Amino acid sequence: QTVVTQEPSFSVSPGGTVTLTCGLDSGSVSTGYYPTWFQQTPGQAPRTLIYSTNTRSSGVPDRFSGSILGNKAALTITGAQADDESDYYCVLYMGSGIWVFGGGTKLTVL
Amino acid sequence: QVQLVESGGGVVQPGRSLRLSCAASGFTFSNYGMHWVRQAPGKGLEWVAVIWYDGSEKYYADSVKGRFTISRDTTLYLQMNSLRAEDTAVYYCVRLGSGWTLDYWGRGTLVTVSS
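Those protein sequences? They're chains A and B, same order as listed. If you read the first sequence in our numbering, its first letter stands for residue 1, the second for the next number, and so on. If you read the second sequence in our numbering, its first letter stands for residue 1001, the second for the next number, and so on.
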């Protein structure tokens, strides 16, 4: 069973830059997994931030960016703001109609 | 604007069945595949199932295969049979967007499996 890995938690200072990653327990993440990133605040539905590795969804500020870094997908937040404090999830398309979510990263801005 | 509204959640006993619905508006529903994704209380997101835009293909997570059935007509459905306590979660209806992604989310409906 494929496991998608994310850092359980991360912290960033206001105005700082943070990079969250999304990997595989075995193997490398490439653009062919179509990595997608979501933001979720408590009690709310997730919001799609980035899809197909690096395409921002409509209305998402350009301080959110996606990429492949080494063997992982990455979400970078530049100039972090207080309301970026959320849970962040990635999902990978494994092919054959199967998607797998990572466990999520709880981001603290302080 | 795209709107997805789930319904049908509630409290159900273990072993029983429940059917969730998702009403879509703001886009041509028949042109898009659709997912169900769930989130247990205090836990992360779990992909559950997907159906292609024309219903020709359906795929499931191992955790629900053989118990859950995704279907669609002008509404998206999730038939859940043989429910277990571990199926307790908020169930989200999500559109399958371009680039094999999940782009628009509903607000979710809570399913609680408990005796």
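Misleading hints may appear alongside valid ones.
[What the hints assert, rightly or not] When the alpha-carbon atoms are kept at most 25 Å apart in a straight line, the in silico BS3-like pairs for lysine-lysine are as follows:
| no. | chain 1 | residue 1 | chain 2 | residue 2 |
| --- | --- | --- | --- | --- |
| 1 | A | Lys106 | A | Lys72 |
| 2 | B | Lys1043 | B | Lys1065 |
| 3 | B | Lys1065 | A | Lys72 |
| 4 | A | Lys106 | B | Lys1065 |
[Said to hold, decoys possible] Derived contacts from chain B toward chain A, CB cut-off under 8 Å, selection only:
| no. | residue |
| --- | --- |
| 5 | Ala1023 |
| 6 | Gly1026 |
| 7 | Phe1027 |
| 8 | Tyr1092 |
| 9 | Thr1101 |
| 10 | Asp1103 |
In case anyone wonders, no lab produced these hints; they're calculated from the structure. Predicted model, so just to flag it, every value in this text is computed and none were measured. Where is the CB? At the ideal position from N, CA and C, for every residue including glycine.
The hints, checked one at a time:
Among the hinted pairs, lysine 106/A with lysine 72/A is consistent with the structure: their alpha-carbon atoms are about 18 Å apart, no more than 25 Å. For the given pair, lysine 1043/B sits about 21 Å from lysine 1065/B by alpha-carbon distance, which is consistent with the 25 Å threshold. A threshold of 25 Å between alpha carbons decides the hint, and for lysine 1065/B with lysine 72/A the separation of about 29 Å lies outside it, so the pair is violated. Between lysine 106/A and lysine 1065/B the CA atoms are separated by roughly 30 Å; this puts the pair beyond 25 Å, and the hint is violated.
Below 8 Å, beta-carbon pairs count as interface contacts, and alanine 1023/B has none with chain A, the closest being about 15 Å; its hint is therefore violated. For glycine 1026/B, the suggested interface contact is broken, since its CB lies about 13 Å from the closest CB of chain A, more than 8 Å. A cut of 8 Å between beta carbons decides the hint on phenylalanine 1027/B: the least distance to chain A is about 13 Å, and the hint is violated. Nearest Cβ of chain A to the Cβ of tyrosine 1092/B: about 6 Å, under the 8 Å cut. The hint holds.
Here the hint on threonine 1101/B is kept, as its CB sits about 4 Å from the closest CB of chain A, short of 8 Å. Taken as an interface hint, aspartate 1103/B checks out: its beta carbon lies about 5 Å from the nearest beta carbon of chain A, inside 8 Å.
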